[in-house]
Amino acid sequence: MPDRPGQNRLTRCRTGCMRCRVRRRKCDEGKPRCRNCVDRNFQCQYGPQLTFLSKNAHTIQASQVGTPSARYEAIRFINEEPQKDITEAEDDDMDEIPSHIDLPPHSQEAADTNPLSHPPRNEDMPSGSEEPVSHTANDLPSTAVLSDKDESAVAGLLALGTSMNGHDLGMADFTVSSPEVVTLTSSTIPSRLSHSRPAFSPQPMLPPKSPADELSPTETQALLRHYRYEVASWLDICDLGQSFGINALQVAMRSPAIWKSILDLSETSFNQLHTQNPRKEGSRSFSQFGDEDILDNITNSALLDVLDRVMDSISNISTAWTMKRHYNTGLLNALSSHAVGRDLNAAIYWLFARLDVGTALASDSDVQVPLPPTFPCLTEVDMVADPYEMVFYYAYRPLWLCAKAIHFMHNEEVSPYRPPLHTWMQLVEELEQWYRERPQEFQPMLELEMDDRLAGPERSFPVVLFANGAGLFGNQLYHTAMLLLLHNKPRTARITDFQSAAMSPLWHAQRVCSISLHNDRRECWDPCLLASFFVAARRMTHESQQQEVLRGFDRICTVTGWNAHDSVQGLRVEWGLLDET
Numbered sequence: 001m002p003d004r005p006g007q008n009r010l011t012r013c014r015t016g017c018m019r020c021r022v023r024r025r026k027c028d029e030g031k032p033r034c035r036n037c038v039d040r041n042f043q044c045q046y047g048p049q050l051t052f053l054s055k056n057a058h059t060i061q062a063s064q065v066g067t068p069s070a071r072y073e074a075i076r077f078i079n080e081e082p083q084k085d086i087t088e089a090e091d092d093d094m095d096e097i098p099s100h101i102d103l104p105p106h107s108q109e110a111a112d113t114n115p116l117s118h119p120p121r122n123e124d125m126p127s128g129s130e131e132p133v134s135h136t137a138n139d140l141p142s143t144a145v146l147s148d149k150d151e152s153a154v155a156g157l158l159a160l161g162t163s164m165n166g167h168d169l170g171m172a173d174f175t176v177s178s179p180e181v182v183t184l185t186s187s188t189i190p191s192r193l194s195h196s197r198p199a200f201s202p203q204p205m206l207p208p209k210s211p212a213d214e215l216s217p218t219e220t221q222a223l224l225r226h227y228r229y230e231v232a233s234w235l236d237i238c239d240l241g242q243s244f245g246i247n248a249l250q251v252a253m254r255s256p257a258i259w260k261s262i263l264d265l266s267e268t269s270f271n272q273l274h275t276q277n278p279r280k281e282g283s284r285s286f287s288q289f290g291d292e293d294i295l296d297n298i299t300n301s302a303l304l305d306v307l308d309r310v311m312d313s314i315s316n317i318s319t320a321w322t323m324k325r326h327y328n329t330g331l332l333n334a335l336s337s338h339a340v341g342r343d344l345n346a347a348i349y350w351l352f353a354r355l356d357v358g359t360a361l362a363s364d365s366d367v368q369v370p371l372p373p374t375f376p377c378l379t380e381v382d383m384v385a386d387p388y389e390m391v392f393y394y395a396y397r398p399l400w401l402c403a404k405a406i407h408f409m410h411n412e413e414v415s416p417y418r419p420p421l422h423t424w425m426q427l428v429e430e431l432e433q434w435y436r437e438r439p440q441e442f443q444p445m446l447e448l449e450m451d452d453r454l455a456g457p458e459r460s461f462p463v464v465l466f467a468n469g470a471g472l473f474g475n476q477l478y479h480t481a482m483l484l485l486l487h488n489k490p491r492t493a494r495i496t497d498f499q500s501a502a503m504s505p506l507w508h509a510q511r512v513c514s515i516s517l518h519n520d521r522r523e524c525w526d527p528c529l530l531a532s533f534f535v536a537a538r539r540m541t542h543e544s545q546q547q548e549v550l551r552g553f554d555r556i557c558t559v560t561g562w563n564a565h566d567s568v569q570g571l572r573v574e575w576g577l578l579d580e581t
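Mapping of the sequence shown onto the numbering used here: residues 1 to 581, in sequence order.
If you're looking for bench data, these hints aren't it; they were derived computationally from the structure.
Glycine included, every Cβ here is placed at the ideal spot set by N, Cα and C.
A few of these clues could be false.
Stated by the list, open to error - Label pairs and their computed distance ranges (CB to CB): (1) E429 - T558: 35 to 41 Å; (2) H565 - P490: 36 to 42 Å; (3) P416 - Q547: 46 to 52 Å; (4) Q426 - P217: 52 to 58 Å; (5) L578 - P420: 36 to 42 Å; (6) K324 - L578: 26 to 32 Å; (7) S500 - N328: 41 to 47 Å; (8) P416 - D364: 26 to 32 Å; (9) M323 - H542: 31 to 37 Å; (10) V559 - S415: 41 to 47 Å; (11) L446 - S415: 27 to 33 Å; (12) N328 - E413: 21 to 27 Å.
Using the sequences and the hints given, assemble the complete structure.
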């Protein structure tokens with residue numbers, strides 16, 4: 001559109017006030033306030049105007065640029081107190097800049113990667129900080145000329161060092177710390193399971209040093225690998241959180257006694273699986289290494305005790321079943337009050353219970369580990385929200401009921417307020433309730449009866465397969481508990497309200513044998529599962545079943561490496577099959 005003849009064309013201007021430039025309006029550049037800002041009551045500000053004279057507008061060549069060198073006689077690291085005000089630090093350091101420039105560790109590492117000397121610790125440093133490392137450059141003179149930019153950089157580094165507490169963190173220093181040590185003083189049992197998560201901590205994990213350490217780094221690495229993937233896998237058979245595979249190792253990093261006990265347990269298991277390297281008795285005594293923190297920490301004491309018991313058990317499981325059990329009553333009472341949970345204390349308690357139930361089953365004696373009086377109920381919402389809690393509940397509840405059944409068998413005291421019939425009926429009802437309400441993870445993925453053609457004509461037991469160790473563990477102990485209760489049924493007990501198969505001791509015994517015979521994974525075996533297999537195997541009367549059971553025990557001992565020769569020989573004597581060995 002052509003301009004009007006009487007209208008003057010406005011020229012562009014980029015030197016107006018900041019308000020007009022932002023609003024893209026023509027500014028008359030009035031001082032101190034332009035007309036637009038006066039009319040609209042705006043604050044009028046002008047930007048700095050910088051121009052160069054033509055005689056000074058020239059480019060400096062690179063060869064003419066001199067790099068000012070800040071030459072220092074010595075540099076040392078400090079970590080100032082966090083409480084010190086940053087402004088005071090800047091003022092104090094810029095008022096008097098010494099020849100020794102204090103830098104934080106991470107900045108100095110970037111500036112000089114070749115340390116030449118390491119002077120003693122600075123006396124002004126806090127006791128919790130790391131030992132400073134000083135760098136001395138021999139080619140630098142003692143004088144140092146600091147410009148304004150140098151002073152500003154030093155002040156910024158000092159302020160940065162003030163805001164950082166502790167040493168410089170690298171990626172290798174970030175490790176999963178052990179769960180906080182819990183002092184077991186409370187005697188109340190929570191209705192819901194406690195939730196404990198390992199937290200990240202910038203504390204470096206280094207194995208504890210000891211004068212009795214006779215293992216090379218290669219041997220230690222091999223034993224730790226074997227413990228993590230071959231031993232802890234069956235210790236955590238019912239624990240999705242892997243308390244013994246992760247948390248116990250974290251605790252061992254801070255306790256030489258537990259560290260040595262884990263290595264000793266791993267070496268025992270390794271030598272059992274590799275018969276060409278038999279264990280040399282008395283070659284090392286890891287667990288004898290003293291630790292002053294053990295007696296003051298219940299968690300550490302319990303962990304050390306249970307690891308030693310596991311080692312004794314797997315060394316010769318038949319001998320361990322016949323030895324008299326001695327427990328620290330105070331320690332177990334403290335652990336039992338915290339049995340319902342998902343922390344390391346709960347895992348230690350249930351491992352004690354598994355070992356004790358296994359010994360009680362194999363030796364036909366009462367349990368000695370104190371049991372929680374009640375077990376928490378689990379709703380469907382809890383099962384969906386927390387799979388850890390669901391696995392814990394459905395795996396350890398049959399163990400708890402099995403221990404109750406063993407105690408019922410060996411309890412000779414009859415209470416007038418709680419007759420044996422009432423106790424027996426309550427245990428059977430709770431076991432049947434568990435069996436009916438068990439989730440899909442605890443149901444067999446394949447179940448074939450003996451009359452099924454798919455099972456094969458040579459089968460002496462049904463086929464029952466499970467997809468995970470926790471499901472196998474819970475179901476086998478359910479059948480074991482029912483087998484014990486049905487063999488000790490009161491005369492006046494009414495069983496017509498239950499299914500006929502569930503009230504047959506032979507049916508439960510065959511289920512235990514079937515589950516055990518089809519369990520060919522090392523991480524799915526436990527001493528109490530092996531003991532329950534012995535209890536059910538004694539009920540087998542047909543020779544074909546007895547032969548299959550004996551072959552199964554040989555296979556299990558090969559898979560696990562556990563020495564159960566004496567117990568198997570006892571079965572051969574009982575069945576009169578010694579001539580076939």
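So, going through the hints one by one against the coordinates:
{"no.": "1", "hint": "E429 - T558: 35 to 41 Å", "verdict": "holds (40 Å)"}
{"no.": "2", "hint": "H565 - P490: 36 to 42 Å", "verdict": "holds (38 Å)"}
{"no.": "3", "hint": "P416 - Q547: 46 to 52 Å", "verdict": "holds (49 Å)"}
{"no.": "4", "hint": "Q426 - P217: 52 to 58 Å", "verdict": "holds (56 Å)"}
{"no.": "5", "hint": "L578 - P420: 36 to 42 Å", "verdict": "holds (39 Å)"}
{"no.": "6", "hint": "K324 - L578: 26 to 32 Å", "verdict": "holds (28 Å)"}
{"no.": "7", "hint": "S500 - N328: 41 to 47 Å", "verdict": "holds (45 Å)"}
{"no.": "8", "hint": "P416 - D364: 26 to 32 Å", "verdict": "holds (28 Å)"}
{"no.": "9", "hint": "M323 - H542: 31 to 37 Å", "verdict": "holds (33 Å)"}
{"no.": "10", "hint": "V559 - S415: 41 to 47 Å", "verdict": "holds (44 Å)"}
{"no.": "11", "hint": "L446 - S415: 27 to 33 Å", "verdict": "violated (44 Å)"}
{"no.": "12", "hint": "N328 - E413: 21 to 27 Å", "verdict": "holds (24 Å)"}
The earlier numbered hint that this structure contradicts is number 11, and it is the only one.
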